[in-house]
Amino acid sequence: MTGQKPEPIEEIRKRFKDEWLLIKVTKHDKNGFPIEGILLLHTADKQELHEAILNLREQGEMGELMSWFEGPLVPEGWEVILSAFSSL
Amino acid sequence: MPSVRFDPKATFVRVPARIVGPKGVEWLGLALDTGSSRTVISEHVALRIGFNLLTAPSVRIATASGIVEARVVTPRQIFALGETADEFQVLVLPLPAQLRSDGLLGLDFLRRRNLFCNFGEGILLTLPFARNFLHRCQLVTHLFAAL
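In the order they appear, the protein sequences are chains A and B. According to this note's numbering, the stretch in the first sequence is residues 1 to 88, in order. According to this note's numbering, the stretch in the second sequence is residues 1 to 147, in order.
It is worth saying that the hints were derived from the structure and are not from the lab. By construction, the Cβ of each residue, glycine as well, lies at the ideal position given by its N, Cα and C atoms. Just so you know, not all the hints are guaranteed correct.
[What the hints assert, rightly or not] If you want the footprint, here are the derived chain B segments under chain A, 3+ residues with CB under 8 Å: (1) 18–31; (2) 36–47; (3) 63–72; (4) 97–106; (5) 124–135.
[Said to hold, decoys possible] With a straight-line cut-off of 30 Å between C-alpha atoms, the simulated BS3-like cross-links for lysine-lysine are: (6) A:K27 - A:K17; (7) B:K9 - A:K46; (8) B:K23 - A:K30; (9) A:K46 - B:K23; (10) B:K9 - A:K17; (11) B:K9 - A:K24; (12) B:K9 - A:K27.
With the rest of the complex left out, here is chain A:
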């Protein structure tokens, strides 16, 4: 964990590449989108991010946590076909 003081989320995002960011949101814009937060973790390992959030919740963290990958949305050479259909 790299907990520090709140800073603009755009500034945090500029510092990292190809990593998951875990940010505790501390401020929103007038439309409700997060604009400021505290960087809690940066890692290339999605599983590490998942476990960090679980640990925080177990410790009683009830705030807004933001997980965001900074970089390409799939690894180089991969393509994506999404979509799910349900009649529920």
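Take the given structure of chain A and dock chain B to it, following the hints.
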């Protein structure tokens, strides 16, 4: 009116979404997917915000590669693209780690408002449905200003 910036050159359109569960609130990146009839979150996210997937009901879904079973959970709230939906059912699926997104924002959420997309500039905008002619004129003004 809220607009959302996205990377028009990225593999898919990712939008930020806030999801409120029984034990936590998370902001995620969801893939905007007009080909999906339902909104989907990953199993990891569902667990983190407090859902018990062992007791959640399940449903069969068709995907491009076959039939799979998904759990169904109901977050207290989802907020994305300026729209808030309370008690909104979503499907839960295991998503591959190579997908740097935590779910899909599907048609069941998207059709709650009109959606406008500027792929040249990477701007998404949603507007409420027009109530009358005057309201429609106001919305068009917002649309041109934003896009």
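30 Å Cα cutoff - pair K9 of chain B, K27 of chain A: 29 Å, holds
The segment 36–47 of chain B covered by chain A? Criterion: 3 or more residues, Cβ-Cβ distance below 8 Å. Our answer is that it holds, as 6 residues pass the Cβ test (under 8 Å) against chain A, meeting three.
Assess, step by step, whether the Cα of K9 of chain B is no farther than 30 Å from the Cα of K46 of chain A, and give holds or violated. 23 Å, holds
Does the segment 18–31 of chain B contain three or more residues whose Cβ lies closer than 8 Å to a Cβ of chain A? holds (count 9)
Quick one, are K46 of chain A and K23 of chain B close enough, alpha carbons at most 30 Å? 21 Å, holds
Within 8 Å of chain A's CB atoms, at least three CB atoms from the segment 97–106 of chain B: coverage verdict: This one holds; 8 residues, not fewer than the three required, reach chain A with a Cβ under 8 Å.
Between K27 of chain A and K17 of chain A, does the CA-CA distance stay at or below 30 Å? Answer holds: K27 of chain A to K17 of chain A is near 23 Å, not above 30 Å.
Restraint check for K9 of chain B with K17 of chain A, where alpha carbons must lie at most 30 Å apart: 17 Å, holds
Verify the coverage statement for the segment 124–135 of chain B against chain A, using a C-beta to C-beta distance below 8 Å and requiring 3 or more qualifying residues. violated (count 0)
Does the structure keep K23 of chain B and K30 of chain A at a Cα separation of 30 Å or less? 25 Å, holds
Tell me if chain A covers the segment 63–72 of chain B under the three-residue, 8 Å CB rule, please? Per the Cβ count (5), the hint holds.
Taken at face value, is the distance from the CA of K24 of chain A to the CA of K9 of chain B at most 30 Å? 28 Å, holds
The earlier numbered hint that this structure contradicts is number 5, and it is the only one.
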